[in-house]
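My request is simple: use the sequences and hints to build the entire structure.
This is what each chain is made of:
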Amino acid sequence: MALANRSLVIVDDLSNGEIEALFSLADEMSGSMDEQFGVCHGKIMASLFFEPSTRTRLSFETAMHRLGGSVISAVDVRATSLAKGESIADMARVVGSYADIIVIRHPWEGAAKVVADYAGVPVINAGDGSHEHPTQTLCDLYTIRKERQTIKGLKIALWGDLKYGRAIHSLTYGLARFGATILFRPGPGLELPEHVIRKLTTEYGGELKRYEAQDQPVKREPFPLDAIYITPSSPHQLAMMPDVSIQVELKTGVDALYVTRLQMERLSARAKRQGLKESYPVVDKKLLKEKEFKRTLVMHPLPRIDELAYEVDADPRSMYFKQAARGVPVRMALVAFLLGTKEISVSREGDSFIPKIDYPVYRRDFGIRCPNPRCVSTQETETKYIKPEFKIVSSQPLTLRCVYCEHEVYPQYIASSEWHDGTLENKKYHSAASHWTRRIKPENLIIFDSQSEAEVHGFKPSHYARVGH
Amino acid sequence: MALANRSLVIVDDLSNGEIEALFSLADEMSGSMDEQFGVCHGKIMASLFFEPSTRTRLSFETAMHRLGGSVISAVDVRATSLAKGESIADMARVVGSYADIIVIRHPWEGAAKVVADYAGVPVINAGDGSHEHPTQTLCDLYTIRKERQTIKGLKIALWGDLKYGRAIHSLTYGLARFGATILFRPGPGLELPEHVIRKLTTEYGGELKRYEAQDQPVKREPFPLDAIYITPSSPHQLAMMPDVSIQVELKTGVDALYVTRLQMERLSARAKRQGLKESYPVVDKKLLKEKEFKRTLVMHPLPRIDELAYEVDADPRSMYFKQAARGVPVRMALVAFLLGTKEISVSREGDSFIPKIDYPVYRRDFGIRCPNPRCVSTQETETKYIKPEFKIVSSQPLTLRCVYCEHEVYPQYIASSEWHDGTLENKKYHSAASHWTRRIKPENLIIFDSQSEAEVHGFKPSHYARVGH
Amino acid sequence: MALANRSLVIVDDLSNGEIEALFSLADEMSGSMDEQFGVCHGKIMASLFFEPSTRTRLSFETAMHRLGGSVISAVDVRATSLAKGESIADMARVVGSYADIIVIRHPWEGAAKVVADYAGVPVINAGDGSHEHPTQTLCDLYTIRKERQTIKGLKIALWGDLKYGRAIHSLTYGLARFGATILFRPGPGLELPEHVIRKLTTEYGGELKRYEAQDQPVKREPFPLDAIYITPSSPHQLAMMPDVSIQVELKTGVDALYVTRLQMERLSARAKRQGLKESYPVVDKKLLKEKEFKRTLVMHPLPRIDELAYEVDADPRSMYFKQAARGVPVRMALVAFLLGTKEISVSREGDSFIPKIDYPVYRRDFGIRCPNPRCVSTQETETKYIKPEFKIVSSQPLTLRCVYCEHEVYPQYIASSEWHDGTLENKKYHSAASHWTRRIKPENLIIFDSQSEAEVHGFKPSHYARVGH
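Protein chains in written order, with my numbering: chain A, 1 to 469; chain B, 1 to 469; chain C, 1 to 469.
Keeping only pairs whose Cα atoms sit at most 25 Å apart, straight-line, the calculated DSS-like set for lysine-lysine is:
hint : chain 1 : residue 1 : chain 2 : residue 2
1    : A       : Lys-384   : B       : Lys-285
2    : C       : Lys-384   : A       : Lys-286
3    : C       : Lys-285   : C       : Lys-251
4    : A       : Lys-387   : B       : Lys-286
These aren't lab readings, by the way, just hints derived from the structure by calculation. Small disclaimer: the values here were computed from a predicted structure and weren't measured.
Next up, the structure:
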């Protein structure tokens, strides 16, 4: 198994074994920093940050310099040719012909995948909108593992903005894959998105138990839980009687409390008016006195605003500055692996990652498009060359996952593209809720956003064209 | 002949022989990239980009890093001391005392010349307004030569924005000097500027044939020509009977089609309103099916917007990503030559560049100024130290070329500064159209923008002061 | 004595002997530039510029590259996590865990001290608002010393914006410490701030003679003096009869004329309207013909605007481009010392710096705050963790100096925090002008901005609560 020339766009691009090998290398590197200078001698990293960043960008650039490599960077979308209307693909192809590796942060979800598709060199996603931020997760998992030796079986609470926080999304997947139990405590209206929950429950095999509609079982101070993800490696009783068990479990303490800031820059004006900021949960000395948090690691991807009080900075449980500092050796290890200047060795049997489900793919020029306005595939400059593409993650109800931003779509109409003697056998369209959704082979499926669109393409309604039929 | 310590402000700063030597070094370097690391060990490049850029800036910085040198950069005019009202000359002097070589992009035409005049170190023009972009031309010529072995005798079509495109201006000169035939196909209202045409016809010795006013001889689809530049090395019959010959010639195919984007950032609001964008020529699969383009290299300096369809990206004739990638070895060779870390060897007999015409120079504190509002010599911060300076490129009609932006001026009034016994012999001013323009020696010439200006300086109208007299 | 791991926030962070050792190393380094490459091999400088800069930033980055080190940089506050509301302390801690040394420029006064307090690595202040710019002063002193062999006993005129010019403030301290006589010639309304004058007279032991209210003794052309700082090492007669003596002294010539630009970016709209720019003093050829300036070094920290005419650039007395160029070896020496890659040797007896006065410190969560709106301690993002802190520099009238921005406060009310049997002995507050100010021990002092604030904290007015009592 080799990491050289691969990209890291989402956490799932690395197997558990690869992540563990990466952590070993990070350990080794942080213990002998001076000896690493020269590992990437003569190599060039392009550091492209089209959203504000200090920490992540400087951490990657530091990693490259510590390895003895060079950095070229673009830090402001207004100062680049994207301001002239250039597409991400063109930029990726050109920069890929200059640099040996590309680190990209971009406000559009799925942008990093496009860069990886076109650059021809390894690409690292340093955050794409609210989608993923996999290297933050590597730093987070590395910190937990360093402090607690393992991740398996730990109880990790995620706290704050679970909706827009890309670091939270990636971390959720990472924790699930390594067998942690995850406690969700969102700010008001900032619950985990549907598509993240689906991935959790269908791909990592655990169970999600929600509390919102229930009679506040564990909805108590100081920890008003919204939901809990129970890993498949959990003891049976917890999986079967979660309400009772979690109360028992919580008494033994939370292993880590992962706090995030409110992503003001992604909030609507309405949410801002509603004073979301005021009701956002805050971690301070008082909270940390609760017995559940006695031995809890307090983590934060930084920057913080008001959700994490300065008074806990000196507390030995506070991990956030260590998390940040560990970003350097973790990114050094990652860069060295992707550039192939360090060999990775992963024993197959040691690799416990749950294999990905092989969903059928839907990809057509016309018809359904991703409805996420921040998805790269829907941007004016990118539609010139990006064909909408989805994984069919469920057929009842018909559910598509955009391959770029991973948001879900629930289309209303379908048809078949099966040909017979040079013409479409049947130019009828049906409701996606009808039995036709299962009868048409995935490779023949045509999916429409609306009846009018189906009709523009020459399809007529079948008996099964009414929604819900 | 040595390139060390010289600057590259316009294409004509390099002889043909030097350009060929540079291409040989670029070939050598791209064949042994790893060995180049260290060639510029300990050297520092200042990369100053006061206009948006990804490609050019990252390409220069990559080149320097591949040579083992270091880079300091300033990428945003708002973040520099120019924002405090500093002049370009002061900035050049200071940065020139830090770095070993300066790469400058600036929106003002002639800015790179000012930097070269004051920096005290080699300066490379990476684009100054709509004036020149000589290193883009080096990449373009290098690509043509690599694909076709020679430039001499090729038929190259320039397509799109010929008015504001600095890459086009520099390329036009380069192609003319290397003996290509150039076919011009501008967007509406985007014809080659007068001063570029003059340079073509007076300095590179060829002939320009225009078609606009004619009975549309070769104004046919798919190639509605506006003008054609016929190189002096052309066979006689083409030069003598261009209309007929070009039709014959075109049938044998165009060697390269050089497409450019519409420079929206340099267009007036009026041009934008007139929907220039809609009538701009587009290169797509359909066009490339025409027999003239069967073996045509499709080139573009990038970034593209809509003028070059993504559907031709995979076509083997498409050269634009190769052009971009070749920017690195070409710029490596250039930087190494200018820093003197690689010796250049040019045989004099091999150097076919047509020698420059030695025009008389006009330079005075008062009187005529360059009328180009984007010329560096007319900017408030620069007039404190820049004295207007022109080459007298023609005396009938009197025509001056600004030494900074190379735009032309056609002044109306003149006088003589000849002194006799301590006073001006004759304090009269004349129309520039009168015979006095030829009678006054260039070193005594005083040129005025207007009658009132002449009179402010104590001159009175002569009998020959009326325009057209 | 060692410089390694120390920070340079204000000029007084270095002793005179250390400054002289630094100048010797700068001399040595500028004489053998090529040999310095590698001195900081593998080290990383973070270059954080949250205000426009070309010169200082590029000079530091050049210095690091010439030493063979690497640079990570952030040049625009909008492109960093500060834009997300992060505090300076958090940023400092994180960047300090990446880089080996930090160079910071920031618009808030005292920001560099905060960075130094939290970073855990050496920090260099590259300008914090109108406070200090100590490395500019090092370049200035180095230039004077190189041209005149000594600073002691020289007559240096400071010219222009003495109010907002941070370079002027630092230079004033530096010159005073090295025994120069300083002549102040401010622009209208741009006199030296009170807190700078106090430091001059109380800490460097000299005497300040002001001319403004007098019958214009030396208020004559070309040198309308505002004030003169007479160094304690001056001959007695000058100190005793300054008016007469300075006229005699001036005839022997000014050694250096240090000109500064008007800091437009720090001016109020009102000052701009009042046409401050028009009445600002200008140095030109005519002025330099005066006999006082016959052998005067003309200095300027650059960038200049209109206060220094281009016509004197070629004059051998003009030092400003040399000043800028010398910034590189001076900063190389400083960086190498702070990183400990060069050892410093300072003989104690050779160190003539006047020892600092050990003022009592006042530090409380509540009560008096720094009134300077540009002080870092009063910014919304920073008050979360910065406790107001002052030096008590005088008790009559009670005068506090903010430890961050060094501005002065003259508080109106005081109380005592002396405890007796678990309660405050006396919950009365008094006028700061009363005898209580001297009676309460500094460690017990509580200082209030206003009566209402005192009363909020449960204090009642004493008989001595009226101001001026």
